[in-house]
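Participant: Chain residues, written in single-letter form:
Protein chains: 2
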Amino acid sequence: MKYVKKLVCIDCGEEYDAEPDKYLCSKCDNEGILEVEYDYNKIKEDWSIEDLKANEDLSIWRYLPLLPVKEETPRPSLRVGWTPVYDSDVLAQELGLEEIYLKDDGLNPTGSLKDRASAMAVVKAQEAGATTVACSSTGNAASSLAGNVASMGGKMDAVIFVPERAPMGKVTQLLIYGAEVVSVQGSYEEAYYLSDGAIKKWDWYNRNAGINPYLVEGKKTVSLELAEQLNFEMPDWLVFSVGDGCTIAGAWKGLYDLKQIGFIDKIPKLIGVQAEGCAPITKSFRTEKPLETTSEDTLADSIAVGKPRNYKKALNAIRESDGTMVNVSDEEILDMMVTVGQTTGVFGEPAGVTGFAGLKKLVDQGVVAKEDKVAAVITGNGLKDITNGKKAAGEPLEVPPNLELLEKTYKRGDRF
Amino acid sequence: MKYVKKLVCIDCGEEYDAEPDKYLCSKCDNEGILEVEYDYNKIKEDWSIEDLKANEDLSIWRYLPLLPVKEETPRPSLRVGWTPVYDSDVLAQELGLEEIYLKDDGLNPTGSLKDRASAMAVVKAQEAGATTVACSSTGNAASSLAGNVASMGGKMDAVIFVPERAPMGKVTQLLIYGAEVVSVQGSYEEAYYLSDGAIKKWDWYNRNAGINPYLVEGKKTVSLELAEQLNFEMPDWLVFSVGDGCTIAGAWKGLYDLKQIGFIDKIPKLIGVQAEGCAPITKSFRTEKPLETTSEDTLADSIAVGKPRNYKKALNAIRESDGTMVNVSDEEILDMMVTVGQTTGVFGEPAGVTGFAGLKKLVDQGVVAKEDKVAAVITGNGLKDITNGKKAAGEPLEVPPNLELLEKTYKRGDRF
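Keeping their order, the protein sequence lines are chains A and B.
Just so we're aligned, residue 17 is where the first sequence starts under the working numbering, counting upward by one.
Just so we're aligned, residue 17 is where the second sequence starts under the working numbering, counting upward by one.
Bound-form chain A, shown alone (with noise of 0.2 Å):
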């Protein structure tokens, strides 16, 4: 901690000491988002880019002095972080692009870019002192909570709300890490509202990304790894799918911090997309209006959030970026799935690969230019969420179990 300064709110400039359960800003009843300082100064005098390269931690714990934890609160064991990223012709090719960089966040160790905040939490809940940390999530916050919560060996708990149609795969997977999953008849809304009343009376400590401000922190760790593998030569366009807003400012606050100590001179023009069913941020951004509320249809669920939270910052961050939004169907998102996966042997789930879809229309429509530089964030697995692959894929050949019957098929040119 010793290069955090304060917390500060994002709405009307309050400080706060930076406490470990200090959510939101009192003195906007409670509404405004904090944002995480650090005395950048300091950190340049102790910090270097050698130094960096020196560090053999592959995991987001690599970037320490622009984390806000104590250098001696336990971590979880899984390795969290340093997911790789794939330089791809042939899908570039398909974007209409010259060159394309994929990050694939899928490869994190509960399969999103979600660990990366939940290690954060694991961490602060305890120099909270709290043993139970809670959230309401969509899938990928919670499986990932769980997991690191798993991975400290029994010494904290975790307790899940998930609106109903979370993916089987998701709620599984945090049954399985031992969490208290709590599947809430209704919306993510009415999940996240009912976890934060549960919070507060039983005085868990908080991970919901949308209040806490050191859950940024942890998915900040995306763009700084992303900076690290391309050498800290920025591409133009950075590409996420927008949810609750978290993500896309957390890869913002991360490439301010390097551009605040000098590691990269410029910052990527940040693109953020939504579904078409469920895209409040982008009509906020491009009314210049307040947020509205929208229904959730559509069946990216890790971003079908109708009420985002974060959205400030997200608007922030394509704001100060210079970057733009855009919406694209399910229709573009399943197909996307198949071109990812068939180019690359990338498999990410529907939010996981909506940004690519979005940026596809985006260099349609003459926005992003085919020779700019662009990278994109896989942000969670496809395994997650087979329903959908299975939509988008198809279905195989079945044959009996006999070579003549094959070949007649394959003939027929049904398929190969």
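Note that these hints are calculated values from the structure, not bench results.
Fair warning: this is a prediction, and the values are worked out from it, not measured in the lab.
Just so you know, not all the hints are guaranteed correct.
Put simply, identical chains are the same to the list, so a pair is met inside one copy or across any two.
[Unchecked claim] Subject to a maximum C-alpha distance of 30 Å in a straight line, what follows is the list of computed DSSO-like cross-link-like pairs (lysine-lysine):
(1) K424 / K323
(2) K18 / K282
(3) K407 / K328
(4) K406 / K275
(5) K217 / K328
(6) K217 / K282
(7) K171 / K424
(8) K386 / K171
(9) K275 / K18
Once you have looked at the hints, place chain B on chain A.
Facilitator: Same frame as chain A, now just chain B:
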């Protein structure tokens, strides 16, 4: 290939040039399995632990001197290998041990250890001049082949034969990767024979690990890595689940290689664990009689192989290392999914945790002593087989979005 000497038949000792598409021993009527022989003295001269430590490539290709590939052959872009090793006190306690190392190979890019063999197959296929690679598989070999082929960016095709019982997650995954999938209405054995016929008929490259000597060389990287991650201080025991026999054979080969070049001074005793409902190799090990085909009655589909093709190499691995074999029930496997998940945050598929279930049994029986140092490998990701995960984990607590009702449920002590 500069360290590869020959292919040697493990039955009759006949030697062959290491052609990329030489699969079986012609002298033994194409029944004898071949093994890759290296010039260990030359490797010792050229390669040291220090060289290895200085290598920044954190994938299976860091072990190039011990791999049977040409340096210049293009490799799949997926980052295969360097999966994490965890040291869990709580899991050790559950197993009755003082210490256990868990290697999570479910974090390979397509979710299983098989990526190691498939990456090898993609390289060897190119060396053989083939553009189509085919296999029959219960799932993981298939999806790993499909993913690794896809990551070549359209340069190659995969044709996959799966038995109809393959879990939806695995089949969906390979359709997403764009493979041609043939779902064979029959057993694993029938799928195998159909693939064998088709491969010969259409002259595809054969990625059936039981007969292709190079694939075991890919799989052996799991023990090369484990050794390096444990600083070349080897445990007393190393545990794997066993289906076709190739994985444990590969693990042994890696250890044997490391001992020959002086990187390690002892080979751990290998423990092979099969499911009670499909344990032909355990039976042959115990009776010392030739292998008899069995039925395939287990939910651990990845090791449900009634007629394993590589049982001789597997038995050799276990006997040469002075190891042992044991069987476990499906119930013990399901229980172990939860035990591993809750204590470590690692979600393994049924076959992925079968080794741990067997280990627990051997500790109970006194074969493995409490103070022995043990490592075991999670061979596949639990997200691949949600149906069985759900059987193991049970159901979440369902509540309406109402705090009072939640509290009532809570107070009734049903779940919290």
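Participant: Determine for every hint whether it applies to the structure shown.
Facilitator: Against the structure, the hints:
For the homomeric pair K424 and K323, the shortest alpha-carbon distance between copies (28 Å) is at most 30 Å, but the shortest distance inside one copy (54 Å) is not. Proximity of K18 to K282 under the C-alpha cut-off of 30 Å is restricted to the intra-copy arrangement: shortest distance 26 Å within a copy versus 46 Å between copies. Proximity of K407 and K328 under a CA criterion of 30 Å is satisfied in neither setting, with 34 Å inside one chain copy and 42 Å between copies. Taking the shortest alpha-carbon separations for K406 and K275, neither the intra-copy value of 42 Å nor the inter-copy value of 46 Å comes in at or below 30 Å.
For the identical chains of this complex, K217 and K328 are intra-copy neighbours only, at 28 Å inside a copy versus 61 Å across copies, given an alpha-carbon limit of 30 Å. In this assembly of identical chains, K217 and K282 lie within 30 Å of each other by CA distance neither inside one copy nor across copies; the values are 45 Å within and 56 Å between. Only between protomers do K171 and K424 lie at most 30 Å apart by alpha-carbon distance; the minimum there is 26 Å, versus 60 Å within a single protomer. Taking the shortest Cα distances, K386 and K171 sit within 30 Å of each other only across copies (23 Å), while inside one copy they are farther apart (51 Å).
In this assembly of identical chains, K275 and K18 lie within 30 Å of each other by CA distance solely inside one copy; the values are 20 Å within and 47 Å between copies.
The earlier numbered hints that this structure contradicts are 3, 4 and 6.
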